[in-house]
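Asker: These are the residues of each chain, in order.
2 protein chains.
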Amino acid sequence: MDYMNFLTPYLAIDSNALMRNIHRMQEFSRRVDVNVRPHVKTHKCPKIAKLQVEAGAIGVTCAKLGEAEVMVRRGIHDILIANQVVDRSKLVRIAELAKVADMKISVDNPTNVQAISEAARYMSSSIGIIIEVDIGMGRCGIRSKEDAVSLVRLIKSLPGLRFAGLLGYEGHIVLVEPRSVRLENCTQANLKLVEVAEHLEKNGYKTGIVSGGGTGTYDMTGQYEGITEIEAGSYVFMDSCYAKLGLPFEQSLFLVSTVVSAPEQGVCVADCGLKTATSEFGYPEPAFLLTTRGGEKPALTQLSEEDIQVKILSEEHAILRISNPELGISVGDKILMIPSHICTTVNLYNEYHVFNSGSFVEKWTIEARGASY
Amino acid sequence: MDYMNFLTPYLAIDSNALMRNIHRMQEFSRRVDVNVRPHVKTHKCPKIAKLQVEAGAIGVTCAKLGEAEVMVRRGIHDILIANQVVDRSKLVRIAELAKVADMKISVDNPTNVQAISEAARYMSSSIGIIIEVDIGMGRCGIRSKEDAVSLVRLIKSLPGLRFAGLLGYEGHIVLVEPRSVRLENCTQANLKLVEVAEHLEKNGYKTGIVSGGGTGTYDMTGQYEGITEIEAGSYVFMDSCYAKLGLPFEQSLFLVSTVVSAPEQGVCVADCGLKTATSEFGYPEPAFLLTTRGGEKPALTQLSEEDIQVKILSEEHAILRISNPELGISVGDKILMIPSHICTTVNLYNEYHVFNSGSFVEKWTIEARGASY
Numbered sequence: 000m001d002y003m004n005f006l007t008p009y010l011a012i013d014s015n016a017l018m019r020n021i022h023r024m025q026e027f028s029r030r031v032d033v034n035v036r037p038h039v040k041t042h043k044c045p046k047i048a049k050l051q052v053e054a055g056a057i058g059v060t061c062a063k064l065g066e067a068e069v070m071v072r073r074g075i076h077d078i079l080i081a082n083q084v085v086d087r088s089k090l091v092r093i094a095e096l097a098k099v100a101d102m103k104i105s106v107d108n109p110t111n112v113q114a115i116s117e118a119a120r121y122m123s124s125s126i127g128i129i130i131e132v133d134i135g136m137g138r139c140g141i142r143s144k145e146d147a148v149s150l151v152r153l154i155k156s157l158p159g160l161r162f163a164g165l166l167g168y169e170g171h172i173v174l175v176e177p178r179s180v181r182l183e184n185c186t187q188a189n190l191k192l193v194e195v196a197e198h199l200e201k202n203g204y205k206t207g208i209v210s211g212g213g214t215g216t217y218d219m220t221g222q223y224e225g226i227t228e229i230e231a232g233s234y235v236f237m238d239s240c241y242a243k244l245g246l247p248f249e250q251s252l253f254l255v256s257t258v259v260s261a262p263e264q265g266v267c268v269a270d271c272g273l274k275t276a277t278s279e280f281g282y283p284e285p286a287f288l289l290t291t292r293g294g295e296k297p298a299l300t301q302l303s304e305e306d307i308q309v310k311i312l313s314e315e316h317a318i319l320r321i322s323n324p325e326l327g328i329s330v331g332d333k334i335l336m337i338p339s340h341i342c343t344t345v346n347l348y349n350e351y352h353v354f355n356s357g358s359f360v361e362k363w364t365i366e367a368r369g370a371s372y
Numbered sequence: 000m001d002y003m004n005f006l007t008p009y010l011a012i013d014s015n016a017l018m019r020n021i022h023r024m025q026e027f028s029r030r031v032d033v034n035v036r037p038h039v040k041t042h043k044c045p046k047i048a049k050l051q052v053e054a055g056a057i058g059v060t061c062a063k064l065g066e067a068e069v070m071v072r073r074g075i076h077d078i079l080i081a082n083q084v085v086d087r088s089k090l091v092r093i094a095e096l097a098k099v100a101d102m103k104i105s106v107d108n109p110t111n112v113q114a115i116s117e118a119a120r121y122m123s124s125s126i127g128i129i130i131e132v133d134i135g136m137g138r139c140g141i142r143s144k145e146d147a148v149s150l151v152r153l154i155k156s157l158p159g160l161r162f163a164g165l166l167g168y169e170g171h172i173v174l175v176e177p178r179s180v181r182l183e184n185c186t187q188a189n190l191k192l193v194e195v196a197e198h199l200e201k202n203g204y205k206t207g208i209v210s211g212g213g214t215g216t217y218d219m220t221g222q223y224e225g226i227t228e229i230e231a232g233s234y235v236f237m238d239s240c241y242a243k244l245g246l247p248f249e250q251s252l253f254l255v256s257t258v259v260s261a262p263e264q265g266v267c268v269a270d271c272g273l274k275t276a277t278s279e280f281g282y283p284e285p286a287f288l289l290t291t292r293g294g295e296k297p298a299l300t301q302l303s304e305e306d307i308q309v310k311i312l313s314e315e316h317a318i319l320r321i322s323n324p325e326l327g328i329s330v331g332d333k334i335l336m337i338p339s340h341i342c343t344t345v346n347l348y349n350e351y352h353v354f355n356s357g358s359f360v361e362k363w364t365i366e367a368r369g370a371s372y
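Protein chains in written order, with numbering that gives the first Met the number 0: chain X, 0 to 372; chain D, 0 to 372.
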């Protein structure tokens, strides 16, 4: 088991599970005839973005200019930044990317639209404008159909801009259970987005892209009449929050840690903490044990919540309560954990260690880590 | 105001406040005759570590091998790793550092002591061993005086090792209020640590170092008879949690963000979120506003909780509620925020932007970011 061989804590990708997740999303895309433009904020890795595009994704969704710069540099040329960007120097950088890539950026504000036009004119390029619609999160996004019409008019009146469509995100719904309630809420959210598209059509404006859908709602939003593309991202790796929803995706990423202390009966301490695992959606869940005892060939032992649980994370420590003493956990053992929230966990690392059936294959750089600007 | 000129979100250091914090800690150190070995897990930056050593710190405390490697590479040569390290390949790296630096490492387990001796022998170097004592956190550390004696015997019996002292950390106490209760709890914790030192003396073993103390207890632990050095780290920057304790240190680090959306009355959205600010001790607190309105020369306006509060952080967004409409906050304005927990916030960035009275001076690389192994 090559999992033993690297400096912990590190992120291990199960490459077979990763590829199955990517292909399952694309099979869905073909079956219901909706495009997939995966969000790269989850993995921040051009290598994985390319695997997604090779499998059929039409391009990528980015959260930030910094991510887009990394993706374009690595040859991804159809980019939607699902976020507002307002700084003049950032807009000039986007206009520069637009010379070699199809750049689309979200807006919800007329002053911002004007600034984007100025940057595009300054760099002699053309930027696609996507209007963000608030579909229930109360975050960014226009709040009315009328605002969409006046923004489109402004976009059409200014040089350097193309009106490219609409974007919504039902982030307040993606983890709602049971599925029937999630579907009901999701339908309401999609209705708001598609109503804006229809209102624009009535006013003579065609919306090319109508983008929505997270990993918890990809199939609901993906099949909703009028939605043209899905921006889900977490499905490539999954996490313990999404695991609870019974989606057709597998856990393909694990946090590998070492037991560094076993100070008393029923307690051990692993070398991962808040600097290597997020806690905003809960603590990571121990999934497999790799033990070094007695010179045996190490093998993965599956762990359950009845065996062992993380009780607390401090900066560099996970304190675990061991409920099953038969595990015989001792200093030096490895524990593979499932992060509670994959996106903010990946953001803490510089690289992935990629494994195929437990054998180490190669490292992939998380090139857009830290590119949060 | 040069704060306007950089891609947000970024970390801004007020260099004057930083230097005042460093000097205040060293003045305390001289006054009560205790050494200061600041924890570099807070800033992860050799540049700042050197400022601390130049001001009188005797060396640095590191959480991880990765941090120690960065510090030694940059010329810091007295290092205490306040953590257990068990992997064979990590121990060899520490033994390698020990050829050029005075390396000390914490232990709480005899198997680990043996492994460290093997690594030191293999590399023909000598490693200082510090016994970690649990003084109330229930995390790592030996649980009894007797364990200390048997560990010291083992350390003395093995080649490549020097018994260097004891370490405790009253992390469960550093934020306790009021001060009188904190002092009481801290005294109990220090008593446990110093009792172990006295027990070792009785058995004929001299403890060189007796290390403890966080930023919330540095003066209590620093004046406790028998404690030889303080390992506090956060005092260089401070944060909103430590601000509540009324310590003689100033906020010297701010998270600078841009308002990217003002979608409805009383709400705005800034471009920092869980990937650029931690939430485990609460949300960041808006401290200053820099506005771009009307071509005025931008100036810092102080903000209070009555003016504006962060209501929620998502991955890349801070949704803020504006209670004071007179601020006239609009898209493009900058907000300087105080992180709730400085250590896990710094860990998200690659560099600091350093300012002197609002003028940009230079960038300092957070060289040990990601060195969590």
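The reader is advised that the hints may include incorrect statements.
What the hints assert, rightly or not - Short, incomplete list of chain D residues facing chain X, as computed with Cβ under 8 angstroms:
(1) Thr7
(2) His22
(3) Arg23
(4) Asn82
(5) Lys89
(6) Val91
(7) Asp107
(8) Thr110
(9) Gln113
(10) Phe162
(11) Glu279
(12) Arg320
(13) Ile321
(14) Asn323
(15) Glu366
(16) Gly369
Rather than coming from a laboratory, the hints here were simulated on the basis of the structure. Even glycine gets a Cβ: it sits at the ideal position worked out from N, Cα and C.
Asker: Against this structure, judge whether each hint is valid.
Answerer: Tested hints:
1. Thr7: Thr7 of chain D check passes; min Cβ-Cβ to chain X is 7 angstroms, inside 8 angstroms.
2. His22: violated (26 angstroms)
3. Arg23: Violated, about 24 angstroms.
4. Asn82: holds (6 angstroms)
5. Lys89: Holds, about 6 angstroms.
6. Val91: violated (11 angstroms)
7. Asp107: holds (6 angstroms)
8. Thr110: Cβ of Thr110 of chain D sits 6 angstroms from chain X, so the hint holds.
9. Gln113: Violated. Min distance 11 angstroms.
10. Phe162: violated (19 angstroms)
11. Glu279: holds (6 angstroms)
12. Arg320: violated (11 angstroms)
13. Ile321: Violated, about 14 angstroms.
14. Asn323: Violated. Min distance 20 angstroms.
15. Glu366: violated (13 angstroms)
16. Gly369: Gly369 of chain D check passes; min Cβ-Cβ to chain X is 5 angstroms, inside 8 angstroms.
The structure does not agree with the numbered hints 2, 3, 6, 9, 10, 12, 13, 14, 15 stated previously, though it agrees with the rest.
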